[in-house]
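A.B. asks: The chain contents come next:
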Amino acid sequence: MNHRVIPCLLLSNGGLVKTRKFKNSVYVGDPVNAIRIFNEKEVDELVLLDIRASLDRRGPNYDLLNEIASECFMPLAYGGGITTIDQIRTLLRLGIEKVILNTALNRDPNFVRDAVATFGSQAITASIDVRRKLFGRQEVMTLAGTEGTGLSPVEAASKAEELGVGEILLTSIDAEGSMDGYDIDLLAKISQCVNVPVIASGGAGKLDDFRTAVREGHVSAVSAGSMFVFYGPHRAVLITYPKYREICELFK
Amino acid sequence: MIAIVNYGVGNLGSIQNMLKKLGAQSEIASDVSAIERATKIILPGVGAFDPGMTHLNQSGLRHALDAAALQRRVPVAGICLGMQLMTEGSEEGTLPGLGWVPAKTIRFVPPANETMKIPHMGWSVVAKAKQSPVLELLDDDPRFYFVHSYHVNCRNSEDALLIAQYGSVSFDAAFERENILGFQFHPEKSHQFGMKILKAFLERY
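Sequence order for the protein chains is A and B. Every number in the numbering used here is 2 more than the matching position in the first sequence, counting from 1. Every number in the numbering used here is 10 more than the matching position in the second sequence, counting from 1.
Treat the hints with care, as some may be off.
Unchecked claim - These stretches of chain A come out as covered by chain B in the derived footprint (C-beta under 8 Å, 3 or more residues):
1) 86-100
2) 120-128
3) 187-197
Rather than coming from a laboratory, the hints here were simulated on the basis of the structure. Owing to the predicted nature of the structure, the values given are computational and were not obtained by experimental measurement. Here a beta-carbon is modelled for each residue, glycine too, at the ideal position from N, C-alpha and C.
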């Protein structure tokens, strides 16, 4: 089995955007169109994150997600603004298989536990966003990186595992959008302290970064944003994804 | 009409999306009459074995499903937990399964020197164990998306249809016994590979 290579796409006000360090949001294009291209390229899986939903106290954009899911024949994970069991039920009915919880992990752990009990751990992914503070200490942030939790990455990951989530999407805010490589130390630390699969996120710029994340960060899967939507030094928008053979070669 | 069995467990939306893409008419079957008029049945399912079996037993559909699969011999395809429920039982639980196929659902047991992340989640290449109409549209080296913590082993090797490997453990990724098919992977989430399997199931059974 290959390690999964997952495009991570950011939604904001119905558009596809890309950020750096969770800031400087740049419009990339129409999400439905972009996702159709990813579907044609037979990507392993897709992660969709609505980065405005929780900030705007808004639930998921079902119309958009329905349009996406009905033409998407790979596993789809969605996160953004999810606070109720009914919302998850609606998302699963649309054809999303995994929901990603971030702000709720911190605000409403009981809801997370209920979600796992109702839909199974395979349907619930925890998203953990990590920011480096002064003097190198790392803190887990919620609400699109705007609110501190006081938890270290290890504490937050252990707590998420205890709540029963099936997977952890682990993002380094400092590396996000940089294309300079993942925070390998962070990946290794978390992969070793939990038994659930960890998806590396934040910083991928080249195929080699995936290999390093797997070999040295011991992650189960890798995700990338900029690398799959930008091309060249001027960051021209171009949807790309490695060929299946390249991925096999990479992880051999 | 293709009935997608609704017993409160499983991701029906994805299956319906793919059937729609294939131009097939399907209905979410929540009552006995929908099972009785079905020309094909899909039994989806995710989650743990006993809750799945309990939901199925309490759905009121159990008798109609048994009759369709075993007496009317309607083509039935189980997906993921749906496949496992068709076996005699699972090491994950204590309830008996549907027992439509002589097979057991068992734990992944890696060799002593090997560590294995459970669930097996991701894409795996499968090998054909026998010829079947449901495989006729597939090219070489098809790959499928799996998410499961337990796996099926058929008692009769002639029922095994596709074999996959996770770590050094080989298991039955699909079985076929007369009109009864089971897929451990998610064809509805496996791009053209899954689409070709479902298309063959729709057209050649």
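A.B. asks: Hints first: check each against the structure and report whether it holds.
C.D. replies: Hint check:
1. Coverage of the region 86-100 of chain A by chain B holds. Counting CB-CB distances below 8 Å, 6 residues qualify, and the rule asks for three or more.
2. Evaluation of the coverage hint for the region 120-128 of chain A: fulfilled, as 4 residues show C-beta separations to chain B shorter than 8 Å, against a requirement of three.
3. Remark: the region 187-197 of chain A is not confirmed as covered by chain B, as 1 of its residues place a Cβ nearer than 8 Å to a Cβ of that chain, below the required three.
In summary, the one numbered hint that this structure violates is 3.
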